[in-house]
Each structure stands twice: as structure tokens, then as C-alpha cells.
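Heads up: the sequence shown is residues 1 to 481, going by the numbering used here.
Heads up, a few of these hints could be off.
What the hints assert, rightly or not - As a list, the in silico DMTMM-like pairs of lysine to aspartate or glutamate whose alpha-carbon atoms are at most 25 Å apart:
| no. | residue 1 | residue 2 |
| --- | --- | --- |
| 1 | LYS248 | GLU213 |
| 2 | LYS248 | ASP16 |
| 3 | LYS248 | GLU357 |
| 4 | LYS248 | GLU279 |
| 5 | LYS248 | ASP216 |
Bear in mind the hints are in silico, worked out from the structure with no lab data behind them.
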Amino acid sequence: MSLERLAAACLLPGFDGLAVPDWLRRWIEDGLGGVVLFSHNVESREQLAALTGELRGLLVVIDEEGGDVTRLEHDRGSSYPGNFALGVVDDVELTKEVGAAIGADLAAVGVTLNFAPVADVNTNPRNPVIGIRSFGSEPELVARHVAAFVRGMQEAGVAACAKHFPGHGDTELDSHHELPTVGGDLGAALLPFRAAIDAGVRAIMTAHIRVPELDDAPATVSRRILHDLLREELGFAGLVITDALDMKGVTATVGMEGAVRALAAGADALCLGAGLGPEPVERVHRTIVDAVSTGRLPEERLAEAAGRVAGMSAGASPGARHVPGTEVGLEAARRALRAEGAVELARPPLVVELRPEPSIAAGPARHGLGDVLGAETVRLTGSPTAPLDHGGRQVVLVLRDAHRHEWEREAAEQVLATAPDAVVVETGIPLWRPRRAPGYVATNGAGRVNFEAAAEVLLAPRQLPSVDRSFQTDVREIRPS
1 MSLERLAAAC
11 LLPGFDGLAV
21 PDWLRRWIED
31 GLGGVVLFSH
41 NVESREQLAA
51 LTGELRGLLV
61 VIDEEGGDVT
71 RLEHDRGSSY
81 PGNFALGVVD
91 DVELTKEVGA
101 AIGADLAAVG
111 VTLNFAPVAD
121 VNTNPRNPVI
131 GIRSFGSEPE
141 LVARHVAAFV
151 RGMQEAGVAA
161 CAKHFPGHGD
171 TELDSHHELP
181 TVGGDLGAAL
191 LPFRAAIDAG
201 VRAIMTAHIR
211 VPELDDAPAT
221 VSRRILHDLL
231 REELGFAGLV
241 ITDALDMKGV
251 TATVGMEGAV
261 RALAAGADAL
271 CLGAGLGPEP
281 VERVHRTIVD
291 AVSTGRLPEE
301 RLAEAAGRVA
311 GMSAGASPGA
321 RHVPGTEVGL
331 EAARRALRAE
341 GAVELARPPL
351 VVELRPEPSI
361 AAGPARHGLG
371 DVLGAETVRL
381 TGSPTAPLDH
391 GGRQVVLVLR
401 DAHRHEWERE
411 AAEQVLATAP
421 DAVVVETGIP
431 LWRPRRAPGY
441 VATNGAGRVN
451 FEAAAEVLLA
461 PRQLPSVDRS
471 FQTDVREIRP
481 S
């Protein structure tokens, strides 16, 4: 294979639009390894199946974690509750079934590899990008659910990809915007990745983080982390994929050379980012070819990487093998929900949603509890400047990770001062609760099914477990992120 085709085989670009653009067709003819699909590539399942039908023989990759991160259902919210909810339930068979259901959905539309599950242990409650995308803060719990999700997904015929190696859970920064530094117990962070490898995970994604105990360079470009630790110590022989190389965790530190350094460190496939045109792909390709020509990147390493990508593509088998019950996502959301106090609505509701800026990984939320309740929604992105006029309706106050946002806590107290019988619904990690709230619901996730489960409780109460008191933490000293 020519040097040019070897370099092309390692690239996974995104692209704009609902159909394959001409520039991408040319790259496919030149040996492109695969593509990554985003929300802007998905209009319907029928359209997506037609699109992937033109990409046969390539790796067709997507981010479909459930909960916050969904591409298939970006317009209506996920049918699955997300990892944190599954960790709260702590039923590994249920997690496996959810993984299989997501896998079946993806296989049916021609996706061959899913950037899931998140294997990060969310040990830092201030983490702005992982949070409820993680199964939890206990390494052993995260490990067993990562393994279950991997098995379910891959039994459905879609390759799983555990992320973000060697662990993005103990950070206070988002690598989409800057380079976080991770310290602490690396052994605990690695436990879920060991479990994923034992479960046969076919791919692992790198993290744009700095781990000073191992290397001063970002993990994505660190041979000490990708080769010595992941390949040699952990024994992983599958596909290593970078997180998107257009993220500031790489661009602000190593720049364009990041593609070459990632390959040299041991990565096989380069995720280039969303909505690209031909020019960025050409620049990265040219940089790789030049690096081999000038001796900065051994051609044998490039050939090894291209071979792993080709092996993954050849082993892909689209078409659902296993379709669990269609209600598995809602069942999981119901089991994850916790409620306490007076949660049954006595009057028609007004939903007041306190919405922090979403992470780039999740993207803008287009759905909420108000959509499920059929109620008017007032969305606040800062403290209200005037008393809330609820017009006699009963307020449903929706929070998201209020423990991380001082403005959100202040706004919640202001709303409750004018609506003392409001029911509070926390959709993130329930680490803070307003003192005066008479009714409190923790959904433990923000997928559509989490809102449906909450609506069932608000409109027709039933017996539910109480809120786990271990989640109630004094957060007055936590600084806003």
C-alpha cells in the first residue's frame, strides 16, 4: 500500500450535511479509514441508513452514549437514561441490556463502532464534562458496568470504544477548551479500562489530559501512556482512537503535529472533529506523509495503525443481532429515579428550568421535562432579576448539577421564595438540595426517558425508594465552575 493510502487509512473525519459530499467521496477512493457521524448528519433513521449504505467498507462511527449524549435522537432526547442512572440502579444485567439495545439501534442504521461506554470514574464532583456520563464515583462499580455495557453492545454487532484513557474523571477542566491535569490514584482510574479489556472491548479512546506521574505531554501523544501503559502493561491489542484532534486540549498544546505525535505514541485512528471540509483533512494527511518522508514517524508504525483500522472495518457486521424489549430504557429510568416529600402535582404545572451552559460533548439540549408534561417552560441561564410570576400554577423547578453552579443555587432559592410549594427535579448528580423544597425528585439523568419517569411521579405517584442520603453534601465551599 502506498504511503498516501496508509496515511488516509488512519483518518476519521466528520463532515457537514445529510449526504456524502463529493470531497469525501474522493477521500474514500483514496483509502479513507472511516467517518464520524454527528447530530448534523442525522435527520431520520431512514436517512441515516441510506447515508451509511454509501459508506460500506469504512468504519462508520458515532457517539451514542445514552442520556445526554445522543446523535440518533438529538431532536427528541434519548430513549436510554445514561450511565449515571444505570450506576444508581447497579444491575449489571440491566446495563448489558441497555448496551445491547443501543447497539441494536446503531446496527440497524449501519453504524459499526460506537464511542461508548464512558469508562471514566467521576471522582471529582466539579467535573464539567464527565459527570452523569460516568457510571459513578466508585471504581469497582464503574468497572462492572463498563464491562456489562461492552458485552451488550458488541453482542448486538457494534464495536464498543471505552473512553477516555487513562481516565478523565478527576478533572475540573474540560479538554474541549483546555488541557486538564489529572493526579490522584491512577490505579482506580484504570480499573474500568482493565474490565473493558477483559470484556473484549474492541477500541479505546484517548484523553486529552496531562498525567504528570507518567508524562508531561498530553496522554493522546504520550508513548509512555499509549504504548507502555495501555499496550504493554494492560495488554490491549485492539484499536486505539484519539479523541477529536480539534479540541483545545491538543490544538493549544501540540497543534497540527498532534496527529503525527499521536500515531508515533501508539494511536491507530485519528478522530479529526466535526463538520470538516476537505482542507483540514488534506492538511493532516500531508503532515503525516511529510513526517514519514522526513523520518519523524516510522512507516512501520503507520502501516501497523492502518492495518488495525482495516481489521476493524473488515470485522464490522452491520445489522441488528439482538433486539431487547423496547421499554428497557424507560424501565431503567424508572428504577434510577429517587423521590422524597410532596412530589404529586396539585395544580397545572409551570416548568422553570435552570440551565447551565451544556458541554460540547452533549451539545445543546432541545428537550426537557416541560415537553413531556405538556407544560410551559421558563428557562433561566442566570439568577432572575424579578420575582417569578407563576400565575397560580405549581412550579416544577428543574436543576442540573446545582452543586457546581452558585448562580443556580441562588436562583433556586429565589424561585422557591415566590413558589414555596414547588417540586424540585434535579437532572444531574444530586449533591445539593434547596433547604425549603417540600418535594424533591432526582432523575439521575437527562435523557427523554428520565423526564418521562419524572412525569409519571409528578402526575401519578407510586412507591419509590427515597433519595440516597449519601448524595446530600454541604456544597457551600464548592466554587462555581
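Structure-based check of all given hints:
no.	hint	result
1	LYS248 with GLU213	holds, 22 Å
2	LYS248 with ASP16	holds, 21 Å
3	LYS248 with GLU357	holds, 18 Å
4	LYS248 with GLU279	holds, 19 Å
5	LYS248 with ASP216	holds, 16 Å
Comparing the model with each earlier hint shows no violations; every hint is respected.
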